[in-house]
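Protein chains in written order, with the working numbering: chain A, 1 to 379; chain B, 1 to 285.
No wet-lab data here; the hints were simulated from the structure.
Certain hints may be false.
In silico DSBU-like links for lysine-lysine, alpha-carbon gap of 35 Å or less [as the list claims (entries may be wrong)]:
1) A/K133 to B/K94
2) B/K167 to A/K58
3) B/K140 to B/K172
4) B/K94 to B/K177
5) B/K83 to B/K251
6) B/K73 to A/K58
7) B/K255 to B/K94
8) B/K140 to B/K251
9) B/K218 to A/K133
10) B/K268 to B/K167
11) B/K87 to A/K133
12) A/K58 to B/K94
13) B/K117 to B/K98
14) B/K268 to B/K87
15) A/K133 to B/K177
16) A/K58 to B/K268
Spelled out, the chains give:
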Amino acid sequence: MGIRRGHQARLGEVIAEKLILAISLSTIAMVFLIFLFVGREAFPVLLGRVSSAAAQEKPLPVEAMNTLTPAQLRAYLGLSAQEFSSMDRDTIQSLMEVRIEASAEEKPSRDAELNTVAWRYLLFPFQWSDYDKPVYVWQPVSGIHKYNIMPLVVGSLKTTIVALLFAVPLSLAAAIYVSQLANPRWKEWIKPAIEMLSAVPSVVLGAFALLVLATALQSLFGYQYRLNAFLAGIALGLTCVPVIFSIAEDALTSVPRSYTQAALALGASKWAAAWQIVVPAAIPGLFAAVVLGFGRCIGETMVVLIASGNAAILSPSLIEPVRTITATIAAELGETVVGGHHYRMLFVLGTLLFIVTFLTNLAGDVVIHRLKGRLEGKK
Amino acid sequence: MPMNMTFLRITLLSLAASLSLQAVAGEITVKGSDTMVILGQKWAEAYMQKTPTTKVQVTGGGSGTGFAALQNKQTDIANASRKIRAKEIEQCIKAFSKRPREYAVAMDGLSVYVNEKNPVAALSLEEIRDIYTGKVTNWKDVGGPDAPIILYSRENSSGTYEFFKEKVLQGKDFASKAQTLAGTAQVLQAVASDANAIGYGGAAYGAGAKHIKVSETKGGDAIDPTEETVLAQKYPIWRYLFVYLNPELEKGEIKEDLDWIRSDDGQKVVKDVGYFPLPPHLRKK
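Okay, chain A solo, but in the shape it has when bound:
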């Protein structure tokens, strides 16, 4: 059939085109909806509308049900008018008793009146009543719910930085080798082999790190904690090697062949042509590869959940266990009360993650455009 230029599109083509448009629009709508959902769950905390203060008013004795007016009683028990009218005396009485039991369960603490989801407790150290100095703690399941997010943020950054330090040089070197230096027969083997790594499920990679890599690295370096930021970073690096590699390799391959040929014709060695001509020309693409690798690392969950040791410590040390934002959400969301403060705090973490990846992608985009402009001699 071939392409008919200037002809009116046929009905089938029109339908196909509209269908594709609808699919792509629905993808955009999906992203938007997800963001809306995450934001909606997190916003009450961000706006300070959620309180986790545990202190309650003192309960009234059971006999008070005879002296209070129905309206007072209803307000005290927190019932709706309909619920209240449908209940008999026995039910009301057992509700009064339960109130007293509930207050007996509360452990007295001078922190009970604090709203621990306020910003200053989320971001700054605080001296809780059981502690002898101000600390950054994430202890959401506790008499006093402590939600300091700094240990988690630092944990995520620590593992991501290790992962990038490990994966970026490795995958860029591999990309340069495969696209520029390797002979075609080698290339046919190496490229799919590296890309196969992305076919390894992250849970398998995590288990591998937990069972094999952890022991190997510990006996190699002799550090104290078997599971730590370093180990998690290395395992995380393995998940983003294929991402960085394939984008970088594409970027390098798409540099016009004539550049290399010109360099070779002028007497440059293969290595010099690759290093001094092709790599600089592909810089925007290489940069994009690293940015995407960062996004993959900071969002990866399974590997860090399994191999990081999951202890929310705020420390600069790479050989101590860490807990990342993603692992925290995955491990804790299942048991939270929907709409409760713990649940909402996990969504705040999700929003944070969303914003961080969004901003890095945006910054990456801007830088790529600038670099491209400079390389191509445009403004």
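Assemble chain B onto chain A, guided by the hints.
Same frame as chain A, now just chain B:
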């Protein structure tokens, strides 16, 4: 054509018949504690084999999830590895104007594990508390070698975590350095491969690590976590596993199922899963 019509009719009729049969057969839903999912499923399997007309469906999600489902009437029975809280009772009363009925269905002891090479053989509850809250950080302070203590704990969504925190730490926070793992098997694996580690988990688990003797107070009788000591409530770290239900539903098939769970046959299953069966004098309540 007529052949086809008859065929269609027969299919429709048999479909309707099978549907109505299903409606007759009772279905019991059980939801709650993840600690008890396997136990619940084993119970369900054994019970359905005995009484094929009843279908029992078991799902997990955690003790709290089970209570929430009980309030919303989305489940007939809620499994729980901890006692119901007053707040949850209040919700139940609001939903069905009665306190939920509670049955203990099994017992569970928590062991404290250390590495086989660790010479420490007994600890008091207070020492364990100091270790897990980060007050004691070196084995030499509790009679071991001069080596840092590596803490292993469970995710805070687990019932075991909450129980340990309540019973042993008396509600205090775990030290931040405590590493959290997703299951008892992982804790055991970690303790087995780390000479300075300490962990905790079900008493019936535990090849590969040493179960420590625990005493109520320092210098008191240190007791091994075994079936006898847990059942006699001598070993200090033990708990009941419970089921809760709406008292109005306790009739017919649900009652039969519950009675069976608390019978000798039902309690035999408990042991296969790694918990301890209730001694007969505790079954009636």
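Subject >> Ascending list of hint numbers which this structure does not respect >> reply: Violated hints: 1, 4, 8, 13, 16; rest satisfied.
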